[in-house]
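Asks: Each chain, written out:
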Amino acid sequence: MAGERQNRIRNFCIIAHIDHGKSTLADRILEKTGVLTEREMEEQVLDNMDIERERGITIKAQAVRLVYKAGDGNEYIFNLIDTPGHVDFNYEVSKSLAACEGAVLVVDATQGIEAQTLANVYLAIEQNLEILPVINKIDLPSARPDYVKKEIEDVIGLDAQDAPLISAKNGINIESVLEQIVSKLPPPSGDEEAPLKALIFDSFYDSYKGVIVYIRVKEGRVRVGDRILMMNTKKEFDVTEVGYFKPGGLIPGNELLAGEVGYIAAAIKNVKYTRVGDTITLADNPASEALPGYKKVNPMVFCGIYPADGAKYQDLRDALEKLQLNDASLVFEPESSVALGFGFRCGFLGLLHMEVIQERLEREYDLDLVTTAPSVIYYITKTSGEVVRVDNPVNMPPTTEILKTEEPIVKVSIMTPAEFIGNIMELAQDRRGVFKDMSYIDESRVMLTYEIPLNEIIYDFFDALKSRTRGYASLDYELIGYKESDLVKLDILLNSELVDALSIIVHKDKAYAKGRRIAEKLKEAIPRQQFEIPIQACIGQKIIARETVKAYRKDVLAKCYGGDITRKKKLLEKQKEGKKRMRQVGSVEVPQEAFMSVLKLDT
Amino acid sequence: MKEGFFVSHEIGLYVHIPFCKAKCYYCDFNSYPGLDSLIPEYINALKTEIEIYAGKLKDKKISTIYIGGGTPSILDGASIDSLLKVIFRNFSVCKDAEITIESNPGTLDSSKLHAYHSAGINRLSIGLQSWQDRLLKSIGRIHTANDFIVNFNEARNAGFMNINIDLMFGLPGQTMEDWMSTLQNVISLKPEHISCYSLKVEEGTPMDKLIQEDESLAIPEELDRMMYHHVVRELKKSGYRHYEISNFALSGFESRHNMIYWNACEYLGVGAGSHSYILGERFGNEESPSEYINKINLKGSASYSEGIIDTMESIKEYMILGLRLIDGISPEHFEKRYGINIYELYGEKIEELKSRGLLKTEDNRICLTETGLDLANQVFVEFI
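Protein chains in written order, with the working numbering: chain A, 1 to 603; chain B, 1 to 384.
Okay, chain A solo, but in the shape it has when bound (with noise of 0.2 angstroms):
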């Protein structure tokens, strides 16, 4: 019985590079397989955020059942995850892909691979997964389907003889990559009378629902009334809805099955119960080990997010807790800052995540925000023996109490015509990569793998990387550990006061330049005042650059008379708001953009 149920399912994930196709190719195949007209679908479906749709990412994985009758005459249904296809959500992926048994590969017939698709294809092959290739925009001019076909075998080591040559974006030959997700992929197995495990491979928090589930049954059954239990987190919930997904909403059902793909929503309040990975079994009747390779993913990159109106702290924070809602990998706690007052410390996955949420709180949530520069962590140990972590300089221990400072070091690659490569070695050196391998894809085109410190690329190195090679080279990059290194902490004094916001922690090698560059920035972003400002960057007392903003000498309107007033007076609130979006830092008055510029060190 379950055989002949489970014949009729695959599921797969779509797999592709930013801009390769893989949204429009979902659109397709929801159009395809007639859950939507075409007059119901708005773009690119499976992208619910804007950010997502703007920035052509995927950032939460989505999921939906569709209906294909096939070739052969059957019926056979469909569940198409798309996943983040981004480096910080590694881990989301990797779940993801889980939750499959097979994935579509697709790759731009006139790009090639790029280091995201290889990422995220060995990331299936870990997992397992039959891998469909096909090559999209074979209508553009400068395709060359046989040319990536013979790539795909020569650097994967997949047979693409039979890939579909496709266009997601007019729709041709979209009915050949239905026919072979059914011949080629899969269907799933699992003993359905086995106790429960499902695979929790995302989850979002709803209001009326509690927190929604989406899982991958892999063994044994779930229906409502069941009493769960969340095999790593030890918690237990009841049951009070399973169901499947349709684009856009949720169709309520009886129950899920092994090998279906759907959710459950149980009354949990808060998606930190619901981690991904996770194993769901039941209470009364469990399973005597969870699926493998659960972890909690901890954030790498860290800064302070302060509201720029004070008066906005309750309202930031109510915002970050409903954005923590559906994001477990956010996290956040309260700190203050001379300079910029109450805030947090925010935890991201990586600088991605750390754009996304900072977008989002502007965006959706109306608030304008100080941010100030992001950290990585780094372990410290100090003379008595006691290590600490430290996220924030501000807890950076005085020079004389550090015996020994750590920061954590990533494995990059970088895929690029062979053209770049000297910018790429420069541009690598600069950030004190660890060069470890080269090798030729094809004739023109390299994988370059380095070692760096992350705190290297967490400011601007994918800006810095796409503008020395013309936007061709892709990034990927996992964390391998931590090294011992010189570090310091670089301070910034105003009119002799340290301005606590705008300390960083840098190689002592780079303290020299980076201090330099940052006093220029601030020089140029400070506006003049009524009193000569002189800005320093020093580590500890040493003084090792200085900047100053000179005293304004006039601001003064020469003329108002009778047809000026409404006039000056209208100059004179402009004034008036400028000063409101100053922070007094001691006796200065500091734009926010001043803490911002900070970061943008390179332009």
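It should be emphasised that the hints constitute simulated quantities derived from the structure, not laboratory data.
Careful: at least some of the hints might be erroneous.
What the hints assert, rightly or not - The calculated PhoX-like cross-link candidates involving lysine-lysine, where the alpha carbons are at most 20 angstroms apart (straight line), are:
(1) B:299 <-> A:576
(2) B:360 <-> B:316
(3) B:354 <-> A:559
(4) B:354 <-> A:576
(5) B:95 <-> A:579
(6) B:316 <-> A:579
What the hints assert, rightly or not - Between beta-carbon pairs, the in silico distance windows are:
(7) B:370 <-> A:570: 39 to 47 angstroms
(8) B:157 <-> A:528: 45 to 53 angstroms
(9) A:466 <-> B:213: 32 to 40 angstroms
(10) A:548 <-> B:351: 23 to 31 angstroms
(11) B:213 <-> A:497: 18 to 26 angstroms
(12) A:512 <-> B:307: 36 to 44 angstroms
(13) B:213 <-> A:531: 39 to 47 angstroms
(14) A:531 <-> B:300: 51 to 59 angstroms
Unchecked claim - Among the chain B residues that face chain A by a calculated CB cut under 10 angstroms, a handful are:
(15) 66
(16) 170
(17) 238
(18) 241
(19) 243
(20) 262
(21) 306
(22) 307
(23) 308
(24) 321
Nothing here was measured: the structure is a model prediction, and the numbers come from that model.
Beta carbons: idealized from backbone N, C-alpha and C, even for Gly.
Please build the complex by placing chain B on the supplied structure of chain A, with the hints as guidance.
Replies: Same frame as chain A, but now just chain B:
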């Protein structure tokens, strides 16, 4: 608190003449060269507007009249005479009213000046700007220093015993020596009033373009302030009273019309682009002369409201205008006008500005310090 506006019986009347011979490079006023053919119609529209307002403001008395521009002295004596006659006929005008006309050398001559004086003008304001012909040329003036001297003497001969001279400093290419000699020459003529304006480069003017193309033309703030401090010192020495940020006068010759603005009192403006503050409301007129003429002729009004000035707004204006005066603000007068103690409202701000060295209290008045004069906007924003 008392009512927001200060209803005065006496008001100032401003008459705008939006015509000139040539636009100076720094000018962003509502003024148009080459529109002389509109002048007769424009004068008629002015007269109509004056008549209409006079009907509405029967209980107001006019204590000052100021004909400004543009270059009002582009008008002949007969036009000015007929215009003033309409004002005298329709409004009640104080016997000792101060009646000013703005003028520029290059548009004046002896007979015109005599005609103005006979028509009732008793105060003449002459735009000299600078004594150096090269500087005059570089800012687009159409006259020389010599033209000015001739006109000044003609004005005295015509009977003008209250003359203002407008000067500018901080001009591109102007040296401290230029400025010092300009002042010396002007002082030797003994005008009753001198206005000295620091050049403000207004967006979109030819001067703005010039400076954008060559930033070295903009004179440094330090020099601008040296020039300002110099004029404050020199004119005091010569017996002039520094009574407003940019204005100096022999005792008793302070501009009564302009004092109305700085005391936040009422005034009526007529003509294209003029502004009024009457009965607690600010309003402005259509700027384009031809549109102004059309609207007056069709609807009897060319005005649009710039908002009701409630008590709080009035207080703000009182502060930012009153502090322009060197004597500053009298807390006593403030309380009389608004029914609230100024320190109750602004005590903290006043203290803070005092500690920053921008404000001081002297003879029970609150006024700008020497530094405050250079940084007046820093003070004003605190009261906006």
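Asks: If a hint holds in the structure, say so; if it doesn't, say that too.
Replies: Consistency of the hints with the structure:
For the hint pairing residue 299 of chain B with residue 576 of chain A, the CA-to-CA distance comes to about 39 angstroms; that exceeds 20 angstroms, so the pair is violated. As the CA atoms of residue 360 of chain B and residue 316 of chain B are separated by approximately 19 angstroms, the hinted pair is consistent with the 20 angstroms bound. Distance check on the hinted pair: residue 354 of chain B and residue 559 of chain A sit about 24 angstroms apart at the alpha-carbon level, beyond 20 angstroms; violated. For the suggested pair residue 354 of chain B and residue 576 of chain A, the alpha carbons sit about 19 angstroms apart, so the restraint of at most 20 angstroms is met.
For a cut-off of 20 angstroms, the pair hint linking residue 95 of chain B to residue 579 of chain A is broken: about 48 angstroms separates their Cα positions. Straight-line distance between C-alpha atoms of residue 316 of chain B and residue 579 of chain A comes to about 18 angstroms, which keeps the hinted pair within the 20 angstroms bound. Between residue 370 of chain B and residue 570 of chain A the C-beta distance comes to about 28 angstroms, which lies outside the given range of 39 to 47 angstroms. In this structure the hint that residue 157 of chain B and residue 528 of chain A lie 45 to 53 angstroms apart at CB holds, the actual value being about 50 angstroms.
Checked against the hint of 32 to 40 angstroms, the C-beta distance between residue 466 of chain A and residue 213 of chain B comes to roughly 35 angstroms, which is consistent with it. Taking 23 to 31 angstroms as the suggested C-beta distance range, the pair residue 548 of chain A and residue 351 of chain B conforms, at roughly 29 angstroms. The hint said 18 to 26 angstroms for the Cβ distance between residue 213 of chain B and residue 497 of chain A, and at roughly 40 angstroms that hint is violated. Distance hint check: the CB atoms of residue 512 of chain A and residue 307 of chain B are about 55 angstroms apart, inconsistent with the given range 36 to 44 angstroms.
For residue 213 of chain B and residue 531 of chain A, the hinted distance range of 39 to 47 angstroms is not satisfied, since their beta carbons lie about 33 angstroms from each other. Residue 531 of chain A and residue 300 of chain B have their C-beta atoms about 55 angstroms apart, which keeps the hinted 51 to 59 angstroms range intact. A least Cβ separation of about 8 angstroms between residue 66 of chain B and chain A falls short of the 10 angstroms threshold, and the interface hint therefore holds. Interface restraint check for residue 170 of chain B: the shortest CB-CB distance to chain A comes to about 9 angstroms, inside 10 angstroms, so the restraint holds.
Residue-level restraint check for residue 238 of chain B is violated (minimum Cβ-Cβ distance to chain A is 21 angstroms; threshold 10 angstroms). Taking 10 angstroms as the C-beta cut-off, the interface hint given for residue 241 of chain B is violated, the closest approach to chain A being about 18 angstroms. Below 10 angstroms, beta-carbon pairs count as interface contacts, and residue 243 of chain B has none with chain A, the closest being about 14 angstroms; its hint is therefore violated. Evaluation of the residue 262 of chain B hint against chain A yields a held restraint, the C-beta minimum of about 8 angstroms falling below 10 angstroms.
With a least beta-carbon distance of about 5 angstroms to chain A, the hint placing residue 306 of chain B at the interface is held under the 10 angstroms criterion. Nearest Cβ of chain A to the Cβ of residue 307 of chain B: about 8 angstroms, under the 10 angstroms cut. The hint holds. The beta carbon of residue 308 of chain B comes no nearer than 12 angstroms to any beta carbon in chain A, farther than 10 angstroms, and the hint placing it at the interface is violated. The beta carbon of residue 321 of chain B comes within 7 angstroms of a beta carbon in chain A, closer than 10 angstroms, and the hint placing it at the interface holds.
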